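Asker: The lines below spell out each chain.
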Amino acid sequence: MGRSTALRLAREGVNIVLNYGTHRRGQEMQAHANRIAEAISVFGSRAIVQEADTTSEQQVKAMVEAALKEFGQVDILVNNVGGDWDIRDYTDISFEHWKMVLSAEIDSVFLMMKYMVPSMREHRWGRIIHIGMDGVLRLSSTKGVAPDYCLGKAARAWMTTAFGVQELSKGITVNCIEPGPTAHMTFEDALKAAGGDYSIWRQRKGVTCHDIAEIIAFLCSEAGRFISGSTICFPML
Amino acid sequence: MELKGRVAMITGSCGEVWEEARHFALPVRV
Chain A
1 MGRSTALRLA REGVNIVLNY GTHRRGQEMQ AHANRIAEAI SVFGSRAIVQ EADTTSEQQV
61 KAMVEAALKE FGQVDILVNN VGGDWDIRDY TDISFEHWKM VLSAEIDSVF LMMKYMVPSM
121 REHRWGRIIH IGMDGVLRLS STKGVAPDYC LGKAARAWMT TAFGVQELSK GITVNCIEPG
181 PTAHMTFEDA LKAAGGDYSI WRQRKGVTCH DIAEIIAFLC SEAGRFISGS TICFPML
Chain B
1 MELKGRVAMI TGSCGEVWEE ARHFALPVRV
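So the sequences go chain by chain: A and B. No gaps in the numbering here: position 184 of the first sequence is 184 in this note's numbering, and each next residue is one more. No gaps in the numbering here: position 21 of the second sequence is 21 in this note's numbering, and each next residue is one more.
Keep in mind the hints are simulated off the structure, nothing from the lab. Careful, some of the hints might be misleading.
[Unchecked claim] Restraint-style ranges between C-beta atoms, simulated for each label pair:
no.: 1; chain 1: A; residue 1: LEU168; chain 2: B; residue 2: GLU2; range: 15 to 23 Å
no.: 2; chain 1: A; residue 1: ASP86; chain 2: B; residue 2: LYS4; range: 13 to 21 Å
no.: 3; chain 1: A; residue 1: ASP89; chain 2: B; residue 2: GLY5; range: 49 to 57 Å
no.: 4; chain 1: B; residue 1: GLU2; chain 2: A; residue 2: PHE187; range: 25 to 33 Å
no.: 5; chain 1: A; residue 1: HIS97; chain 2: B; residue 2: GLU2; range: 41 to 49 Å
[Stated by the list, open to error] Okay, derived cross-link-like pairs now, DSSO-like style, lysine-lysine, Cα gap no bigger than 27 Å in a straight line:
no.: 6; chain 1: A; residue 1: LYS99; chain 2: A; residue 2: LYS114
no.: 7; chain 1: A; residue 1: LYS143; chain 2: A; residue 2: LYS99
no.: 8; chain 1: A; residue 1: LYS170; chain 2: A; residue 2: LYS69
no.: 9; chain 1: A; residue 1: LYS114; chain 2: A; residue 2: LYS61
no.: 10; chain 1: A; residue 1: LYS69; chain 2: B; residue 2: LYS4
no.: 11; chain 1: A; residue 1: LYS61; chain 2: A; residue 2: LYS170
no.: 12; chain 1: B; residue 1: LYS4; chain 2: A; residue 2: LYS61
no.: 13; chain 1: A; residue 1: LYS192; chain 2: A; residue 2: LYS205
no.: 14; chain 1: A; residue 1: LYS192; chain 2: B; residue 2: LYS4
no.: 15; chain 1: A; residue 1: LYS114; chain 2: A; residue 2: LYS170
no.: 16; chain 1: A; residue 1: LYS99; chain 2: A; residue 2: LYS61
no.: 17; chain 1: A; residue 1: LYS143; chain 2: B; residue 2: LYS4
no.: 18; chain 1: A; residue 1: LYS205; chain 2: A; residue 2: LYS143
no.: 19; chain 1: A; residue 1: LYS114; chain 2: A; residue 2: LYS69
no.: 20; chain 1: B; residue 1: LYS4; chain 2: A; residue 2: LYS170
As the structure is a prediction and not an experimental result, all values here were calculated from the model. Ideal placement from N, C-alpha and C gives every residue a C-beta, glycine not left out.
Could you build all of it, start to finish, from the sequences and the hints given here?
Answerer: In structure tokens form, the structure reads like this:
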């Protein structure tokens, strides 16, 4: 989802800061991020890769400072990082796991906004998009599974409404996209779709990461200027 | 679109790759 979003925005000439490292680190993740950065350059946009744990205030602060140093501004924030989806009875969830999931879902959003919104307010332009989960506020539809994950996504819905209304008069919109199951696309197919070749994407039977990326691009556009506090759902078919 | 020159930060990724999301029984990724 993050990859498709990065590529789709890059097609519009947006420079990208790619973050990884909240859950997974190491050479494999770095190589994956570098591959996306290379593809972004094909669109004529620039990209930098930043390894940082978005639940760490120190690391978020350093990452935002590095991005501002590199580009001078950051206008768009996509809170794509999230907690683990792990179905088990809530009595079997360890307290450590509970805190880790909620931190990735909630603390990361708080920290990213805390350190990025001041610059957006200064420029009176900003677009913030959270990735949530379809049906999370219709409590019956989640059937109580993965309660830590669902609670975190519900918090994102709250932060969308509350901050979306608060920030609009400052030129910043805050919205949430709530996907259900999202079909995987290969790197090559995602790149094609992001580049405007929809021949493969059109054959999809359900929601793909590129569907999400298109909506994010729309919310970032001029047409999205006054859309704030909204949640956009992709219900399960 | 009019986004040329803007800068986006994208955090990632979601912690778990849902190779086989058990409750949906579909190969999906969130």
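Asker: Could you run down the list of hints and mark each one as holding or not?
Answerer: Structure-based check of each hint:
1. In this structure the supplied range 15 to 23 Å holds for A:LEU168 paired with B:GLU2, their Cβ-Cβ distance being about 19 Å.
2. Hint check: A:ASP86 to B:LYS4, Cβ distance near 41 Å, so the stated range 13 to 21 Å is violated.
3. Roughly 50 Å separates the CB atoms of A:ASP89 and B:GLY5, a value that falls within the hinted 49 to 57 Å.
4. The given range of 25 to 33 Å is respected by B:GLU2 and A:PHE187, whose C-beta atoms sit roughly 28 Å from each other.
5. The hint said 41 to 49 Å for the Cβ distance between A:HIS97 and B:GLU2, and at roughly 43 Å that hint holds.
6. The suggested pairing of A:LYS99 with A:LYS114 holds, with an alpha-carbon distance near 20 Å, which does not exceed 27 Å.
7. Note on A:LYS143 and A:LYS99: the hinted pairing holds, with a Cα-Cα distance of about 21 Å set against a maximum of 27 Å.
8. Between A:LYS170 and A:LYS69 the CA atoms are separated by roughly 23 Å; this keeps the pair inside 27 Å, and the hint holds.
9. For the hint pairing A:LYS114 with A:LYS61, the CA-to-CA distance comes to about 9 Å; that is within 27 Å, so the pair holds.
10. Taking the CA atoms of A:LYS69 and B:LYS4, the gap is about 19 Å. The hint holds against a cut of 27 Å.
11. Simply put, A:LYS61 and A:LYS170 have alpha-carbon atoms about 22 Å apart, close enough for the 27 Å limit, and the pair holds.
12. As the CA atoms of B:LYS4 and A:LYS61 are separated by approximately 26 Å, the hinted pair is consistent with the 27 Å bound.
13. A hinted pair counts as satisfied when its Cα atoms are at most 27 Å apart, and A:LYS192 with A:LYS205 qualifies at roughly 17 Å.
14. Restraint check for A:LYS192 and B:LYS4: satisfied, since their Cα atoms lie roughly 20 Å apart, inside the 27 Å limit.
15. Our distance criterion of 27 Å between C-alpha atoms is met by A:LYS114 and A:LYS170, whose separation comes to about 15 Å.
16. For the hint linking A:LYS99 to A:LYS61, the alpha-carbon distance of about 21 Å falls within 27 Å, and the restraint holds.
17. A threshold of 27 Å between alpha carbons decides the hint, and for A:LYS143 with B:LYS4 the separation of about 43 Å lies outside it, so the pair is violated.
18. A hinted pair counts as satisfied when its Cα atoms are at most 27 Å apart, and A:LYS205 with A:LYS143 qualifies at roughly 25 Å.
19. Restraint check: the Cα-Cα separation between A:LYS114 and A:LYS69 comes to about 17 Å, which is no more than 27 Å; the hinted pair holds.
20. Restraint check: the Cα-Cα separation between B:LYS4 and A:LYS170 comes to about 21 Å, which is no more than 27 Å; the hinted pair holds.
Going through the hint list in order, the structure does not satisfy hints 2, 17.
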